[in-house]
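Engineer: The lines below spell out each chain.
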Amino acid sequence: MTLLEFSNVEVDHSITISFVLHEGEARVLQVPTRDAEIAVMDLALGELVPEKGAVFLFGQSIKSSKPGSIGWIPSEGGLINNLKTWENITLPLWYFNGKNSKNTEEFILNLLPTLGLDKLFWTRFMASPVAELEVWEKKLVCLLRGLVHSPRLLVVSAGLFDEVEASSSQLWISALDNFVHSEENRGLLVVAKNNVSLPWNII
Amino acid sequence: MLSRIPALSRWPVRQVFIKQMYFSGTESIGAVGWQAVLIGLVVITQINNLVGNNEVLSIKIMIWTLVRELGPLLSAVVIISRSSSAFASELSTMQVDGEIKNLRRMGISPISYLVMPRVFAMTLASITLTFYFQTIAISTGLVVAGLRMDFSLLSEIYNFFEIIDFREMLVSIIKSATFGILIALVSCFHGMRKKSAMTEVPQAVSQAVLRSLFAVLLAGGIITVVGFRS
Chain A
2 MTLLEFSNVE VDHSITISFV LHEGEARVLQ VPTRDAEIAV MDLALGELVP
52 EKGAVFLFGQ SIKSSKPGSI GWIPSEGGLI NNLKTWENIT LPLWYFNGKN
102 SKNTEEFILN LLPTLGLDKL FWTRFMASPV AELEVWEKKL VCLLRGLVHS
152 PRLLVVSAGL FDEVEASSSQ LWISALDNFV HSEENRGLLV VAKNNVSLPW
202 NII
Chain B
48 MLSRIPALSR WPVRQVFIKQ MYFSGTESIG AVGWQAVLIG LVVITQINNL
98 VGNNEVLSIK IMIWTLVREL GPLLSAVVII SRSSSAFASE LSTMQVDGEI
148 KNLRRMGISP ISYLVMPRVF AMTLASITLT FYFQTIAIST GLVVAGLRMD
198 FSLLSEIYNF FEIIDFREML VSIIKSATFG ILIALVSCFH GMRKKSAMTE
248 VPQAVSQAVL RSLFAVLLAG GIITVVGFRS
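Protein sequence lines correspond, in order, to chains A and B.
First residue of the first sequence? That's 2 in our numbering, and the numbers climb one at a time after it.
First residue of the second sequence? That's 48 in our numbering, and the numbers climb one at a time after it.
Treat the hints loosely; a few may be bogus.
Claimed, not checked - Subject to a maximum C-alpha distance of 27 angstroms in a straight line, what follows is the list of computed DSS-like cross-link-like pairs (lysine-lysine):
#1 B:Lys241 x A:Lys64
#2 A:Lys53 x A:Lys64
#3 B:Lys66 x A:Lys85
#4 A:Lys120 x A:Lys85
#5 B:Lys241 x A:Lys85
#6 A:Lys139 x B:Lys241
#7 A:Lys100 x B:Lys66
#8 A:Lys100 x A:Lys64
#9 B:Lys242 x B:Lys107
#10 A:Lys67 x A:Lys120
#11 A:Lys67 x A:Lys100
#12 A:Lys139 x B:Lys66
#13 B:Lys148 x A:Lys85
#14 B:Lys66 x A:Lys64
#15 B:Lys107 x B:Lys241
#16 A:Lys67 x A:Lys53
#17 B:Lys107 x A:Lys139
#18 A:Lys120 x A:Lys139
#19 B:Lys242 x B:Lys148
#20 A:Lys139 x A:Lys103
#21 A:Lys53 x A:Lys139
#22 A:Lys85 x B:Lys242
#23 A:Lys64 x B:Lys148
#24 A:Lys100 x B:Lys148
#25 A:Lys53 x B:Lys66
#26 A:Lys100 x A:Lys85
#27 B:Lys242 x A:Lys139
#28 A:Lys64 x A:Lys85
#29 A:Lys194 x B:Lys66
#30 B:Lys148 x B:Lys66
#31 A:Lys103 x B:Lys242
#32 B:Lys241 x A:Lys103
#33 B:Lys148 x A:Lys67
Claimed, not checked - If you want the footprint, here are the derived chain A segments under chain B, 3+ residues with CB under 8 angstroms:
#34 42-53
#35 79-88
#36 94-101
I should point out that these hints are in silico values taken from the structure, not numbers from a laboratory.
From the three backbone atoms N, C-alpha and C, an ideal C-beta is built for every residue, glycine too.
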């Protein structure tokens, strides 16, 4: 089944994009500028309406799709500063799917080793206000928020992997790969400015 | 706004509601309490100076001033001074930092998540604080009148419940609820309005405070005229 379709969508008044992302696929879309990257992500998330062309989510108009069915992992930021790290991570999950502290904690505790983190780091990290976090930690919060939310489609900015140690970057890529392949109906769209070296097929 | 009420069943929205209830309501208890004691003292002193040793008339005037007007109004003033500025500055900062846009990108409605719980929390806080203010101010008034004029406290309490009627209570509740809704809506409106720089945040805050006060005075005037037509 089709997860996301861009049909002759004009982006940033300069390029026209058409592609189809199916269930079980993880693909990279390369665009020439940072503005185009943001515009593509906003179009996919339904935050922007295309001036030309059309965007379909799960085969229907993006406006008629169920809120919360797409997850968003920005390059950095994208966090709510007056919430603690833990509240940021659980915000979309608990907003759309209801609160279940035990399951969420278990899920995250299982996820931590795959991201190279230990429980001590986690305890300190989760209680901190996000404003006190370093850049790579903010990126990690965004990643965790997307993975914990577990939507059918994740839209990720390739900038997530910038300024992150190569070893961490590899772990994060594996975690995203696991996300896509852990269930049949999931997909991953990575939006990149210019050429990037990521393990997924380029659109 | 009413169509957003079901969003209160979502945990993060409820959490915002609880935080705002605590901030606008619980944390205002001290300020409202002291204000109520002082206002009760001042009002009953002036009433006694005006009507002398007339217990029933003293209580009647006290109900008119404290229940009908000053209770809802002064509670609203405390709420405006604390919460209106806080709402406007918090939401303005979120707007400038792009956090409101980020919420929409996550599919979370800023109206359901940020505005609706604030409006409900402030409305509930306004009703509760007004009742609290009136209770303390009237109790102070009755005690002070008893001491100054040698009235029996029991007789004062009996007369108070004889004189106060349902319409007075109802209009007071309507006023305080209206004030809460108006203050929250005006503050959230100024907070959520599009801004391009941090320098616009203080402007939004001062506009929120001034316009909230104006809205409260205007609504108070209208409700008094409509509610107490003779």
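Engineer: Taking each numbered hint in turn, which are not upheld by the structure, reported in ascending numerical order?
Structural biologist: Violated hints: 9, 10, 14, 15, 17, 21, 25, 28, 29, 31, 32; rest satisfied.
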